[in-house]
Every structure is written in structure tokens, then in C-alpha cells.
Amino acid sequence: MSEDVYVLGVDMIKFGRFPHRTIDGLGAEAALLALDDAGLGIKDMQALYLGNVGHVTQFVGQKILQQIGQTGIPVVNCTNACASGATAFREAYLAVKSGEYDLVLAVGAEQMGKGLLGNAGGGDDGIPREGLLGSRLMPALFAEVGMEHSRKYGTKPEHFAKVSVKNHHHSTLNPKAMYQIETPLEDVMGAEMIAYPNTKLMCSVNVDGSAAAVIASAKKARELGMGRAVRVRASALTSDRFTQRDLTLPDFNTCTRDAARIAYEKAGIGPQDINLVELHDCFATAEIVHYENLGLCGEGEAGAFIDSGATWLGGKVPVNVSGGLLSKGHPLGATGIANIYEVATHLRGEAGARQVEGARLGLTHVLGLGQACAVHVLEKV
Amino acid sequence: MSDTALANPPTIVPFLKFGADGAPYLEGQQCADCGEIYTTERMACSKCFSRKPFKAVRLPTTGELYTFSIVHRSYPGIKVPFVSATVDLDGACSLKGTLIDVEPDPEHVKTGMKVEVVFRELEHKNKEGRTYVSYFFVPKKG
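Protein chains in written order, with my numbering: chain H, 1 to 381; chain R, 1 to 142.
Accuracy of the hints is not assured; some may be wrong.
What the hints assert, rightly or not - Keeping only pairs whose Cα atoms sit at most 16 angstroms apart, straight-line, the calculated EDC-like set for lysine to aspartate or glutamate is:
| id | chain 1 | residue 1 | chain 2 | residue 2 |
| --- | --- | --- | --- | --- |
| 1 | H | K152 | R | E41 |
| 2 | H | K156 | R | E107 |
| 3 | R | K47 | H | D124 |
| 4 | R | K141 | R | D33 |
| 5 | R | K127 | H | D125 |
| 6 | R | K125 | H | D124 |
| 7 | R | K47 | H | D125 |
What the hints assert, rightly or not - Facing chain H, from chain R, some residues (calculated, C-beta under 8 angstroms):
| id | residue |
| --- | --- |
| 8 | F18 |
| 9 | M43 |
| 10 | S46 |
| 11 | H72 |
Said to hold, decoys possible - These stretches of chain R come out as covered by chain H in the derived footprint (C-beta under 8 angstroms, 3 or more residues):
| id | region |
| --- | --- |
| 12 | 19-26 |
| 13 | 50-59 |
Please keep in mind that the hints were generated in silico from the structure rather than gathered at the bench.
Just so you know, these numbers come straight off a predicted model, no measurement behind them.
Positions of the beta carbon are idealized from the N, C-alpha and C atoms, including for glycine.
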């Protein structure tokens, strides 16, 4: 059995809209923040793993090194839709776990622009499929997953909307979130309908952003000092195995359940041991189904679970205390590492006003449409 | 549009076919081993990995609305609202499409409702001036 792997430094920039900056500039800023957090320099890094979606053919990882120091180390540019950052983190983790390296850097960066994600699906004939063959837009796909939950368990639009109330509230405590605005239930429910039951305030915010982590072997972590180190207890990545409707309605549930099961098994823990969760609330409907997918509550209980307040800061298992993708923002390639930053910050006891008291174990979850699901379990040292 | 008088017009998906009588239908590809049905071609069965040649089968024209969303915001030029639907075809596969001939609101669209597959001409024409045909879902009558 190989040795433990640690996060020694981790940070993110405040998410926002930076149309006049470059993607490598955004990534470089987070890389330097994470290196500073670890008290290390780029010369100490033995490899770089970069997560990005929109510019992935442009050697973003190498361009980051051109901005902060060209040491000639191997660079791997990873793309896995919304799981790209988590995939880069996992590749970095695996490289250290394998014994190949002692210190590596994982960076996620994205420059998004505004508007709906997806495409109208016009073929050679120039006829858009959107509207003709249903919708392939993200708000509708995740709305259909929510309506599937409604069908099975009677979940109501109010249940989904409460997720947005909670996450927007949480973001008022996070200075690095895109927005810090309270959104009462009537505001969420009354906002412009995008794809029923998801209103505009139940859709994640398209922002630009970056985050980075320095990952170390146990040997190196001991050598450098474990004071603020966070242990990576488990890393799991899945794709979509065959399920009945996956090819028609992307099955976001099964790949999440698979990843969660693998991660809990690897960590030797269960969902009841987790103190906080950053999960993929790309839409309010998604957070509800992931409560059950991650085992935070029983089957069909997600509506009652949000009603109970269990996932609010101060509740049984706070979820998305960062504000989540709904309010912190969702720069695709950066999201997975920003989640690691959030959980690590709580485990370090450095989360300030939104600190989850006594946090010892935290879980991160991202889901890339296609599908790629990554779950990581982090532990206070 | 009569279901019988089509001289094989252009279609919006490759699995929309026309019978010898000119009537449109949807064609699935059925795994020779496990029986799973797909609407797109593949090298082997996604479910059981069988590489036996797939068998072309006519998809049923009735089914049940498994889940849906009512889309109010889409790309410029796309008419909204519309109902994005995932339908389980009776005894076959599930199929994505647009549910029409119903008020696009949650009072009228319900999961579990019975639907039928219909074929309609679109406003789009190809270079030869021929009108495209696509499939839609409508609430089942009766």
C-alpha cells in the first residue's frame, strides 16, 4: 500500500468576469497563490496538471509556466467538462500516489463569458435541433433530472428553490464568491423561468475563475511540515456505465453513486462521517438529487432533508457553504479545485464567518456532462 | 400531411425512415443478444458488449412521458416556451423529443402521461426546395 498524499497549499482567485485577461494569466495567478500558500516556488514542482474546457487545445498549462517560470516539467492538460479541474487534481494525486513525484501542482482555470451553455445542434442542413428534438441546454437537462425526482417522490419546486436560498445565503459569508446577495424564497421562485422548474436564480453563474493546489507525498509533507496539510483520503472518478435512459437523458445519478461508493470504500468511511460537502449544484435541481446520490440522506428523502435545514451552515451536514456554483460561480475547469480549496479551508479552520465548526472530513463532488464524475474525500491532519 | 403520400422527404434524424407505402416511422437498432434498442449506430452493444450485427426494428408509436422540462429561455431564434420531453416508448427504448399540441405549463404536462409519436413537416426546406420532416410527441387521445 502506497503512502498518503497531502494538499500542502491551495487557493483560488475571487470569481468574477475578466474578459480582458488571458486564460493563462488567470491560471498563473491561482498557481502563485497556491505556491505561496504552501511556502514553495515553481522550481519545487515536478509536474503540472491543468484543468480547462474552453481553451483546452491551447496548451494552457504550458502558457501558465511561461508566465510564472519555465522549468521544463511535464505538463498534462486535462478536459472532462465540468469535472476538468477535479480530473487534473486527481491526475496530480495519482502521480504522487504512484511514487513518481513528491511535489506537483494542479491548476484549474476557465474564461466563460455569459449565456447559456450547450449548443443549438444545427447539422449540415443548418436546422437547429434545439426546440425540435427537445432541449440539450443544461438548464433543461438538469430540470428533467429534477422532474424525475418529483415523479418518484413528489418533490416540489419549493424544495428545489430552497437550495438556491441556502447557497445564496452561504455566499454572503464568502468574499471569494461572485455574488454576496440574499435571495429569499419568493425571489427565487419569482425569478425569470429558464427551464421549469429552474428559474434564473436556480441556475449556476457563468464566471471566470481559477484555483490551484500543491500536492505532496507523505515524505515531502513531513519534511516541509504538516502544520496546515490536508490529507487526501480518497479520489474517485467514474464515467457513465450503461443504464436504461442514459443515452436519452444523461444519467447524472448513477455515475455519482458509483463515485461516492468508491470514495467511501477507499476512505473506509460512510456518508455519516462527513462534516461538510461541496457538491455540484450547477442547478438547484441537481443539489437535491445529489443529497441521495452521495448518501447524505435516504432514498426519496431529499425534499424533507432540505426542509429540515440539515444542509445549511450549522446543520447536520452543511452543503455548499462556499455559496456553491449557484452563487460562488461555476468557471468549469476551475470548479473542481475551488471545491478542494473550500473543503481544505474548513479542515484547516481558516474559513472565517462560514467555518464549519469541528470539521474533520469533507467531500467534494463534481459532474461533467458526458459523463465524468469525481469525488474526493479530504481529512484534517 | 398525409402519412401515406410522402415521397421520402429529407428528415431531421437519420433514424426517421419511410416504408414502401411512403409512411414515416422511426427505426431502432436492436442488439441480437440482449435485445436492447438504440436509435444510433454503434460498433457493439453498450449494455452487453455483443458485436453481433444489430437488427433494424420499427419503434412503437406509443409511450409514456418519463420526465420533462418546459423551456422558457433558449437560443435566439428558437421559439419558446416548448416542452422538452423524455419518453419511454412502449416495450422499446426511451426517446428525446418535443411534446406539442399541449399547453406548455405544469398543469397540462404531467410525468406518466401517455403520448404518441407523430410526424410533421417543418418550415425548413432543403436546397431542392423539399420540406423537412421530423417526429414529435403529442398527448395520446382517448
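Q) Given M43 (chain R) was flagged as interface, is its beta-carbon under 8 angstroms from a beta-carbon of chain H? A) violated (14 angstroms)
Q | Pair hint outcome, K47 (chain R) versus D124 (chain H) [Cα-Cα no greater than 16 angstroms] | A | violated (30 angstroms)
Q) Is it true that the CA of K156 (chain H) sits at most 16 angstroms from the CA of E107 (chain R)? A) holds (13 angstroms)
Q.
Check whether the Cα positions of K125 (chain R) and D124 (chain H) lie no farther apart than 16 angstroms.
A. holds (13 angstroms)
Q.
Does the closest beta carbon of chain H sit nearer than 8 angstroms to the beta carbon of S46 (chain R)?
A. holds (5 angstroms)
**Q.** Interface hint outcome for F18 (chain R) [beta carbon to chain H under 8 angstroms]
**A.** violated (18 angstroms)
Q. Taken at face value, is the distance from the CA of D125 (chain H) to the CA of K127 (chain R) at most 16 angstroms?
A. The given pair, whose Cα atoms are some 9 angstroms apart, holds under the 16 angstroms limit.
Q. Measuring from the C-beta of H72 (chain R) to each C-beta in chain H, is the shortest one below 8 angstroms?
A. Holds: closest Cβ of chain H sits about 4 angstroms from H72 (chain R), inside 8 angstroms.
Q. Under a C-beta cut-off of less than 8 angstroms, do 3 or more residues of the region 50-59 of chain R approach chain H closely enough to confirm the stated coverage?
A. It is violated: at least three residues are needed, and the region 50-59 of chain R offers just 0 whose Cβ sits closer than 8 angstroms to chain H.
(Q) Please verify whether K141 (chain R) and D33 (chain R) have alpha carbons no more than 16 angstroms apart. (A) Judged against 16 angstroms, a Cα distance of about 35 angstroms means the pair is violated.
(Q) Using a Cβ cutoff of 8 angstroms, are there at least 3 residues of the region 19-26 of chain R near chain H, or does the coverage claim fail? (A) violated (count 0)
Q. Taken at face value, is the distance from the CA of E41 (chain R) to the CA of K152 (chain H) at most 16 angstroms?
A. At roughly 31 angstroms apart (the allowed maximum being 16 angstroms), E41 (chain R) and K152 (chain H) break the hint.
Against the hints set out earlier in the document, violations occur for numbers 1, 3, 4, 7, 8, 9, 12 and 13.
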